[in-house]
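Go by the hints and put chain B onto chain A.
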Amino acid sequence: MKKFIAPILCLIMLTGCVKSAKNISLRLMIYAIGIDRDESGYTVSYQVFSPTGENISSPVNADETNVKVISVTGDTIYECERLAELQSGRELFTQDAEAIVLGDGIGDGDIYEILGYFEGSPDVYMGTDVICASGSAKEAVGVGISGLSDPHGFGEMIDEAIAQATAISPRLAQISNRIVSSGSFILPIMKIAYDDDGNPYAEGVFDGVLYANGKYSGVVDSDTVKGIRLLDGTAKTVPISFELTGEAVGAECRALKIKRRVYTSESGTAVISVEIKGELQPYDIRKKSNAELLVTSAENEIKRLCDQALETALQYNADLFDASLLLGKHGYEYKGMDAVQFEVKIALQLH
Amino acid sequence: METKAKIGSGQLFAILILSRILYTMLYRTESFSSGTPLLLGQLIATAIEAVICIPALMFSAKGMSIFEVCGKSKIVGTAYGVYFTWIFATTVCDFVRFIHSEFSQVATPIVTAITLGLACIYCACMGIEGLARGAGVLFVCVVLLVCSMTLLSDGSPNVLYLQPYAESDGKTMLDYILEDLSVNRMPVMLVALSGNLRKSGVKAGVGYLLFKLIFIEGLIYAVTVILWRYVNIPSYPIQALGAYAKTDLVRRFDSLNMFFWTLNCVLTGGAYLRCGSSGSEKRYTVAVGVVGTACGLAKFYGAFGLDESLCMWLNIAATVILGTLAPLAAQLYKRGNR
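Quick note, the sequences are listed as chains A and B, same order.
Sequential numbering of the first sequence, starting at 0, is according to numbering that gives the first Met the number 0.
Sequential numbering of the second sequence, starting at 0, is according to numbering that gives the first Met the number 0.
Errors might be hidden in some of the hints.
Stated by the list, open to error - Listed below are several chain B residues computed to face chain A (Cβ distance under 8 Å; list not exhaustive): (1) P163; (2) V224; (3) L226.
What the hints assert, rightly or not - Cβ pair distances, simulated, as ranges: (4) E166(B) <-> D158(A): 40 to 46 Å; (5) Y77(A) <-> I109(B): 26 to 32 Å; (6) G217(B) <-> Q340(A): 32 to 38 Å; (7) K258(A) <-> A60(B): 49 to 55 Å; (8) D153(B) <-> D337(A): 31 to 37 Å; (9) L150(B) <-> T236(A): 22 to 28 Å; (10) P156(B) <-> T236(A): 15 to 21 Å; (11) L82(A) <-> G217(B): 41 to 47 Å; (12) Q340(A) <-> A316(B): 53 to 59 Å; (13) N299(A) <-> S100(B): 52 to 58 Å; (14) I109(B) <-> D122(A): 24 to 30 Å; (15) P156(B) <-> D122(A): 22 to 28 Å; (16) L150(B) <-> R303(A): 35 to 41 Å.
Simulated from the structure, these hints should not be mistaken for lab results.
This one's a predicted model, so the numbers in the text were calculated from it and none came from an experiment.
Cβ coordinates follow ideal geometry from the N, Cα and C atoms, glycine included.
So here's chain B without its partners, still in its complex pose:
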């Protein structure tokens, strides 16, 4: 078990926020149209997330490690291992799907998945401190990039594109809330990494919630007033936002977006592997990475036969069990032992 490696609140915040931004870059317009329902949905989803993560925040405030509290229980370790292997597989699958649809000439899905898997395994083997330092740098780069893409956009913002909420928007909003909650990894990651924290994880957790709300709301607003319904054509709004930004110096912001997103995938994937192997020996990390990559590739080819809706509910259930109920139970158990 890796107990010596410690990371600061800022670094934890960077890891958490990057793992969330990873999915924001992937949100597709086949499911959602930008506008007020998404802005409201994000607000409600963040409020729900804030409630869900309270036990995880309290747990991390005490500097406990879930694995130590549970007496190195194999069940707990396996549960977290399976969860992180699954979300790592989802990351691989999403990455391959995106590359395959947008840059189909690049490489076959197998080559793309294996390359990503190897890069993530390497990052995970470098240890949590290396990952955290990388996340700090990448976080600044991603924020600068998104701000540049928005401010340097060639499109003229039209505030009229932001129409008021209508009754017919209810379903879109609800779907978005569920989608947002299903990609919410924060409580589980906070619990899994709490043993590696120098200080309490409360600051990082609260900072994550606030920054996520402002950042994603800002992005939805920018996409709405600059691109509006046009995003239904290129499908990936953030990529389209980048494609619409053009300067004499940087001709293609979407390629820069792709570059940083790829780095984000590698780094976040590495963090998932690190959490999934519970900081154990490197061979476990490698094993989790290999299994995750294989599952991601199988998911891409539809081998599991799971539909998106079922996956979404499984993700939400797993977040509640491992991110809310598990830290709550661990705290009660420890209190009972005293």
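Isolated chain A, as found in the complex:
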């Protein structure tokens, strides 16, 4: 009898889900959360798993997208969640949500309220991406159905943009840390376009909305984002385009190794030296014949991207490169972007 007590006790102790356990059919599986804001309050749109089988017990029809959008309006996001549950008769399950999409009407104050809500929610995965939409979030969340082959498209689109250095990782935890460290961050933008019939589709994730020192500071283009990724040392591959003897050339800077160090200049100011090394792979191999010019032009293009990013950072006095942390690590005091000098050295080799 004694031998049975231990497993029984374990069963009792480890059944934390007994009360809250629900049949999967009574859960609303959320893939993406879209948030819009206007005078009437928040409109929250949920992209949810909705199997298209004949009934609840029949198998899922894999030929269909099996997702739909539920939209609700309320004074707070919490109220919207409750309304969505009432509307669907099911409990929201947001642990697997891949993205929180913010509509273009989200203001300065709203974004911190929204981020604060999701940061504090134990039901939201801290690695969920936060992105902006070029239109309304409701439309963007719906585009996930019509413009993408499967509902996991949000995560894949963002990952691809991060891989190509056109986006900075917008994970909830990372944004939270950027707010703490510098107050400046960039959220990638999901571009929505329309086909000939007027149906929206997702063009991809590029460009970004800049929040400098806690304030909305406009939209920055993909080149600026690439420059930021080069200067903060996180870029691994950067696709570039430039002119060579009057012709447009597309190339990829691969296997980038970016070293950042700090030293004091003769004038006594802190200098952040960024050394970028990598391989250049032109898409048109015929261009390799003029190797020296090709490499020089590519290096100039990389330099231009970095200069553009620095210009944006200086314009808004926004620490977009973790400069304060880098200086702090080397015992320097961060006194604003205008008090920091950047030195960029680029050395590319033809692949």
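Coordinates of chain B only, in the frame set by chain A:
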């Protein structure tokens, strides 16, 4: 008195390290921010701990039992009994507090405390050998789990989050050192269990100090470079580290962490009860378990009116008295008797 049951150095090491990891999983960010002060604090605390435990190591090297040396003195037995009942109560209280704050829908605090108490009593009644074998297996599982949570984390480590030590970090570091010393059960457990050892406990003690240093320093480093200030939001860094790790196979490492931590609570609680009842008859073990559970529940509801700071100092004082001075006195007493 249970004198036949003997455990090996490895098993003792597992019991000691699990009792320490139990508290690491519970360290809260309301009191500390991850970073250099904690890394330095851990290093200093381990050095102090190494000095404090020297008499206990020497005592265990001679294979003596504190209770036999003191001629089955009731005072000594009672002192160790009260100490282990108190830390068992603290374990129950911490467990209930954690479950109540993170999984408030699970059960009422009373049900949680009683369930944990019953499980610990059962484990303690199984004897020290059973506990030691269980600790060995659980130790491997916990280490594998923590390594998986760190290596499979979805977060990108950023070494810049580890900032150098600043003057303003002094208080945080000192607080952490005191906190770490207050949850240091090793010397007292080593003394209490030395009668149950097959060989000297020196190997287990030294291994404990080294492993604890590397393991906890590694954890603090991982939490700092992966989560940094974000841990101030979920509060429990190790639980948050688990929540940030995600694979297609295992979706929630924090629930796995919770599972192993619960097992750790049961096992460590059982070991405390075993030490607290001095290996006496089972009814004493049950009595210590019942009193400890009741005290833990009362502590959870704030019945003793003790603040955290006072508890911390009481724990440190008890560790020094029972883990350093008592084995020193016992050795001097035995030498004097010769």
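Problem - 49 to 55 Å as the expected CB spacing between A60(B) and K258(A), which holds or is violated - result: Between K258(A) and A60(B), where Cβ atoms are some 51 Å apart, the hint holds.
Practice task
Can you let me know if the beta-carbon spacing of P156(B) and D122(A) is within 22 to 28 Å?
Solution key: 26 Å, holds
Handout entry: Hint check for S100(B) and N299(A) - Cβ pair distance inside 52 to 58 Å
Key = 57 Å, holds
Problem - Supplied distance hint 53 to 59 Å, evaluated on CB atoms of Q340(A) and A316(B) - result: 55 Å, holds
Problem - Cβ distance range 24 to 30 Å for I109(B) and D122(A), holds or violated - result: Once the Cβ atoms are compared, 27 Å apart, the range 24 to 30 Å for D122(A) and I109(B) holds.
Practice task
Evaluate the given range 41 to 47 Å for the C-beta pair formed by L82(A) and G217(B).
Solution key: 45 Å, holds
Practice task
Take the C-beta atom of L150(B) and the C-beta atom of R303(A), compute their distance, and say whether it sits inside 35 to 41 Å.
Solution key: 38 Å, holds
Handout entry: C-beta pair P156(B), T236(A): status relative to the range 15 to 21 Å that was hinted
Key = 20 Å, holds
Practice task
Closer than 8 Å between Cβ atoms is the bar; does V224(B) clear it against chain A? Give me holds or violated.
Solution key: At about 11 Å, which exceeds the 8 Å cut-off, the nearest Cβ of chain A leaves the hint on V224(B) violated.
Exercise for the section: Could you see if the CB distance from L150(B) to T236(A) stays within 22 to 28 Å? Expected result: 24 Å, holds
Exercise for the section: For the hint on L226(B), just tell me whether its beta-carbon gets within less than 8 Å of chain A. Expected result: Constraint on L226(B) satisfied, holds at 7 Å.
Exercise for the section: Using the Cβ atoms, figure out if G217(B) sits within 32 to 38 Å of Q340(A). Expected result: Check passed, 37 Å falls within 32 to 38 Å.
The structure shown violates just one earlier hint, number 2.
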